[in-house]
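First to last, the protein sequences are chains D and G.
Be aware that the first sequence starts at 1, since it is given in UniProt numbering, and climbs by one per residue.
Be aware that the second sequence starts at 1, since it is given in UniProt numbering, and climbs by one per residue.
These are calculated hints, taken from the structure and not from any lab test.
Hints are not guaranteed to be accurate.
As a list, the in silico DSBU-like pairs of lysine-lysine whose alpha-carbon atoms are at most 35 Å apart [what the hints assert, rightly or not]:
1. Lys133/D with Lys193/G
2. Lys294/D with Lys237/G
3. Lys86/D with Lys134/D
4. Lys4/G with Lys252/D
5. Lys193/G with Lys33/D
6. Lys4/G with Lys133/D
7. Lys283/G with Lys133/D
8. Lys294/D with Lys193/G
9. Lys94/G with Lys33/D
10. Lys180/G with Lys294/D
11. Lys294/D with Lys96/G
12. Lys237/G with Lys260/D
13. Lys134/D with Lys283/G
14. Lys237/G with Lys134/D
15. Lys134/D with Lys193/G
16. Lys294/D with Lys282/G
17. Lys260/D with Lys282/G
18. Lys33/D with Lys282/G
Chain residues, written in single-letter form:
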Amino acid sequence: MTDISHASDVITAGADGLAEARAANARQIRNAKISAAVRYVILFGVGLLMLYPLIWLVGASFKTNAEIFANPGFIPQQPTTEGYVKGWETSTPYTFGRFFLNSFLIIIPKVIGTAISCTMVAYGFARFDFPLKKLLFGSVIAILLLPNVVTRIPQYLLFRDLGWLDSFLPLWVPSAFAGDAFFVFMLVQFLRAIPGDMEEAARVDGANSWQTLVFIVVPMLAPALISVCLFQFMWTMNDFLGPLIYISSVDKYPVSLALKLSIDTTEAFEWNRILAMSVLTITPALIVFFMAQKYFIEGLSAGGVKG
Amino acid sequence: MTRKRALGLGYLTPYIIGLLVFTMIPFGASLYLSFTDYNLMSAPRWTGLENYIQLFTKDRTFRRSLTVTLIYVFTTVPLKLAFALFIAYILNYKLKFINVFRTAFYVPSILGGSIAIAVLWRYIFASEGLVNMMLTGLGFEAVNWFGDPQNALFTITLLRCWQFGSAMVIFLAALQSIDKSLYEAAEIDGASKAHCFIFITIPLITPVIFFNLIMQMVQAFQEFNGPYIITQGGPLKSTYLLPMYIYDEAFRRFDMGYASAIAWVLFVIIMVLTLAAFWSSKKWVYYAGDKRS
Numbered sequence: 001m002t003d004i005s006h007a008s009d010v011i012t013a014g015a016d017g018l019a020e021a022r023a024a025n026a027r028q029i030r031n032a033k034i035s036a037a038v039r040y041v042i043l044f045g046v047g048l049l050m051l052y053p054l055i056w057l058v059g060a061s062f063k064t065n066a067e068i069f070a071n072p073g074f075i076p077q078q079p080t081t082e083g084y085v086k087g088w089e090t091s092t093p094y095t096f097g098r099f100f101l102n103s104f105l106i107i108i109p110k111v112i113g114t115a116i117s118c119t120m121v122a123y124g125f126a127r128f129d130f131p132l133k134k135l136l137f138g139s140v141i142a143i144l145l146l147p148n149v150v151t152r153i154p155q156y157l158l159f160r161d162l163g164w165l166d167s168f169l170p171l172w173v174p175s176a177f178a179g180d181a182f183f184v185f186m187l188v189q190f191l192r193a194i195p196g197d198m199e200e201a202a203r204v205d206g207a208n209s210w211q212t213l214v215f216i217v218v219p220m221l222a223p224a225l226i227s228v229c230l231f232q233f234m235w236t237m238n239d240f241l242g243p244l245i246y247i248s249s250v251d252k253y254p255v256s257l258a259l260k261l262s263i264d265t266t267e268a269f270e271w272n273r274i275l276a277m278s279v280l281t282i283t284p285a286l287i288v289f290f291m292a293q294k295y296f297i298e299g300l301s302a303g304g305v306k307g
Numbered sequence: 001m002t003r004k005r006a007l008g009l010g011y012l013t014p015y016i017i018g019l020l021v022f023t024m025i026p027f028g029a030s031l032y033l034s035f036t037d038y039n040l041m042s043a044p045r046w047t048g049l050e051n052y053i054q055l056f057t058k059d060r061t062f063r064r065s066l067t068v069t070l071i072y073v074f075t076t077v078p079l080k081l082a083f084a085l086f087i088a089y090i091l092n093y094k095l096k097f098i099n100v101f102r103t104a105f106y107v108p109s110i111l112g113g114s115i116a117i118a119v120l121w122r123y124i125f126a127s128e129g130l131v132n133m134m135l136t137g138l139g140f141e142a143v144n145w146f147g148d149p150q151n152a153l154f155t156i157t158l159l160r161c162w163q164f165g166s167a168m169v170i171f172l173a174a175l176q177s178i179d180k181s182l183y184e185a186a187e188i189d190g191a192s193k194a195h196c197f198i199f200i201t202i203p204l205i206t207p208v209i210f211f212n213l214i215m216q217m218v219q220a221f222q223e224f225n226g227p228y229i230i231t232q233g234g235p236l237k238s239t240y241l242l243p244m245y246i247y248d249e250a251f252r253r254f255d256m257g258y259a260s261a262i263a264w265v266l267f268v269i270i271m272v273l274t275l276a277a278f279w280s281s282k283k284w285v286y287y288a289g290d291k292r293s
């Protein structure tokens, strides 16, 4: 008897256990679902909060001046392109087209100079041994952390003595000497992760180091190089302090300075002109970002994590 | 072998020239200038410690600016990192559209440094701007963002927190590289989500926390566009961060010696804090495969 009752106890216990396990499993699935739902709600809410100012900016640039501070919605009630037309003309003898041209005249040499110099330097660091290598690579990290504020004044004096003030040269020449340590660091990290087999094979076939760099290393480095160019493009487009210090004539203003000028010179109540030009100045960066976002994210992750 | 050595240095030529001309010489020169009186008109005149004595004993603006800068950095950096980690943690889950969210969250970082966004901030925090329209719409009282010294600095903090994207991307990559079996093992042992986060996630991502902390801190100390465009340093110098003071002294008043002294004080502060972080990192940063810990 006791045996049988014991056996039945065991069976019920087993059934209970099974039911419990099922319930636990169901609970787990339900928890996972709730967790996913909570995550989506937070992400969606935060995303909306993040992007709403930008959406509002675009909408407001098509609003009449009377509506901008009266309507928190982003859809203009009486859409107008007046802000764009008048804003483009500016209060200077030049249109915004001129300022965009100036920005590109800075960006293009800067990006090309950065790509070439940083590739060479990264190749040197990643593939060769030479005296003082540790010290020199240490200096890359040191520059990475060195606040620009401490070198800015003597740099200004240097460029003044060279007669470069009010020209684009101070804005891009330092970058053409691999001055942006972040990019050197990023490319070195990337190169170190690529095995040198291909280069060794090329060397055995009689290629010199320069040919190896151009024909073997650069193609493999392409994704990282694209990241470098994109970041440099973006940062230069956004740079304000550099042009503010070095550029004094209005005909050489890049868009960042031109926008600041339009705030200072546009009459109060002409808000939509400023907002419209703000939209235009961020458009190139946005287009580039959406076309090549994968390179941004990869570049950032590589620079940050593998270090 | 010697040829190869020379080659390596050859590839470094642009860097070495740049390092000397654009970094090392200016670095030394700025230290020298900080001990001089130099207004661009006549040659620098050596004045010893005078600039520094002036700064620390007589200059009220400097004291104010330094205080405001420290407040700004010590609120902005932790807030931004906490927020970036929070969002990265939520994103690190098998969610559909994770890439869409990641992209959306990164957009502000692409644009945040631009003047256009600083201009936008001026508009949305204006007394009748978007933020106050929304606050009053929800039944709250409108906030005097730019008129009140208590609030103005916070608008800049908010702008920089809004740009949490790059820190988030780095956190997310680190979270994704954590071995999932660690969590499974911990769960079997009865650890809660919070325990897993504190005892597994945080220790394993300390290297990127450290990296983000240093980078964001160095950046925050150099904040210029925000105060210059959004608040013009006001009201009552409540947003007059040190980089703006340096700019005004150097490029408006052309007092290069005094400006260099302020720049050096700022540099020493950043350096001391960075070294302190590096020194303390031995105690709290965990590197996988590192036998010491």
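Structure versus earlier hints, numbers of those that do not hold, lowest first: 1, 2, 3, 4, 14, 15, 17 and 18
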